[in-house]
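Protein chains in written order, with the working numbering: chain A, 246 to 426; chain B, 64 to 350.
Simulated from the structure, these hints should not be mistaken for laboratory data.
The model shown is predicted, which means the values in this text are computed figures rather than measured ones.
Using N, Cα and C, we set each Cβ at its ideal position, and we do this for glycine too.
Reference excerpt, derived from the structure (chain A facing chain B, CB under 7 Å, subset only): (1) Y268; (2) Q368; (3) R411; (4) L418.
Each chain is listed here by its residues.
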Amino acid sequence: MQNKYQEIHSNELEELLNSAREYDPRAIARICEHFLPKIYQYVFYRVNGREDAEDLMNEICLRVINSIRNQQGSFTAWIFRIASNMVTDYYRRRAVRRNVELRENTIEAVEDKSNMPDKLLIQEEVKQALLHLTEEQQQVIILKFIEGYENDEIAVMLGKSVGAIRALQFRALTSLRNLLR
Amino acid sequence: MPPYRKRMMDRELEKILDDCISELRKGKSIEECLAQYPEYGLQLKPLLELAQAMERLPAPEPAPEMISATLVSVGQEIARHRKKKNRSVFGILFQQPRFAWALSVVFTMLFGLAGITTVASGSTPSDFLYPVKLVTEKIQFLLTSDGEKRAELRITFSDRRLKEMKSLLERSGTLDTTLLREMLDEAKLALGESKVSRETAPVFLSKLNHFNAYQRDVLEHIRSQVDTTQRELVDEAIEICDMRSSWMRRMMDEEMEQRPIDPQASPRREKRGSTRYEWGPGCDWMR
Chain A
246 MQNKYQEIHS NELEELLNSA REYDPRAIAR ICEHFLPKIY QYVFYRVNGR EDAEDLMNEI
306 CLRVINSIRN QQGSFTAWIF RIASNMVTDY YRRRAVRRNV ELRENTIEAV EDKSNMPDKL
366 LIQEEVKQAL LHLTEEQQQV IILKFIEGYE NDEIAVMLGK SVGAIRALQF RALTSLRNLL
426 R
Chain B
64 MPPYRKRMMD RELEKILDDC ISELRKGKSI EECLAQYPEY GLQLKPLLEL AQAMERLPAP
124 EPAPEMISAT LVSVGQEIAR HRKKKNRSVF GILFQQPRFA WALSVVFTML FGLAGITTVA
184 SGSTPSDFLY PVKLVTEKIQ FLLTSDGEKR AELRITFSDR RLKEMKSLLE RSGTLDTTLL
244 REMLDEAKLA LGESKVSRET APVFLSKLNH FNAYQRDVLE HIRSQVDTTQ RELVDEAIEI
304 CDMRSSWMRR MMDEEMEQRP IDPQASPRRE KRGSTRYEWG PGCDWMR
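If we strip away everything but chain A, and leave its shape as in the complex, we get (with noise of 0.2 Å):
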């Protein structure tokens, strides 16, 4: 599968960017278009909630907004890295512990599956498994399966090697696959 949004090709993306750090809305907007929907399926399979889910894009978003002036080297490691850290500050803030069976119970509670269709049902599944993986596996099983990115872009996002991320993805898959079972 590839990439399941219109991509930017990197040249527009340059030209967007430097207008995007004058502030052009123009600029911002095509980028919000494009990224926008990539960074809440990447934020949605990190947390447990929707609506944190929700919230974090939003604080994400702002983030970028403060920061582009700044921003260097591959927009798109760039900003997975924003959201993947303010992922971890939103565990952090919260004081979640990695506590599966209070995660389980909490989404329970909060979730009525009994009349979800099935593919839905299987996103569930899914994103309650990974949130038992580690961190890094998260990441590479998102990045790669769910937002449809490769290997060797995955390796820049993360700053790892192809090896590595190659590594983690099988460890991740057999992980899961057992979690699912």
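Take the given structure of chain A and dock chain B to it, following the hints.
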């Protein structure tokens, strides 16, 4: 098995799994991938099935009101930065925490969230809230999946650019060429965007044609208000409208007769029951 040997085997399996995932993305089936590595079939199969299932998961969608709220914040943030760049005496005052706080309370009480977007909807590029309007439009479009509704939105956006262009021209006496280009682009994209059902195709084409004629009339009116250099641009835009009009007439004729005029001019058939139309040469703004 010694640990180094196990690590080597793991590395090999990691590589094979990754190769198979790449092959799946290129369209191969799981069975075809497994046939290449029968000795790893048992380990690979569940992992590949899982990878494929994850890639087919539906994209999660945030609540529309949340998107809207995020975009309002984004638009306000852009406006704040732009304002800061052009800071004046009032700007310095605005930066004072007490003043900013008081102003934000008044602002929130006056408009509220929905109010800001409503006020922004009437703004032009020189206005404080114009960024809110643009970002909101983009996402409104992004959240619309129905082809015909997306096409309608394109027409709406094109109409807004036209109104903004007129309003700015009246205020400043200069034609905003970016707005002119965007007006033409949005109208062009309305046709490419839509996969129109056969039942609604004539209505849609006729609506777009009327809108195109309206744009042409406005451009004709504007023509006399701009200087010679800009008049050339307006003339070019009028020519594009004429060209589009003639293409749309051909499309409508063809739709009525249900037979292609010539292979190059015929709209591309997508599938039974729907049609995707494409503009012909001369309909693009080339600048």
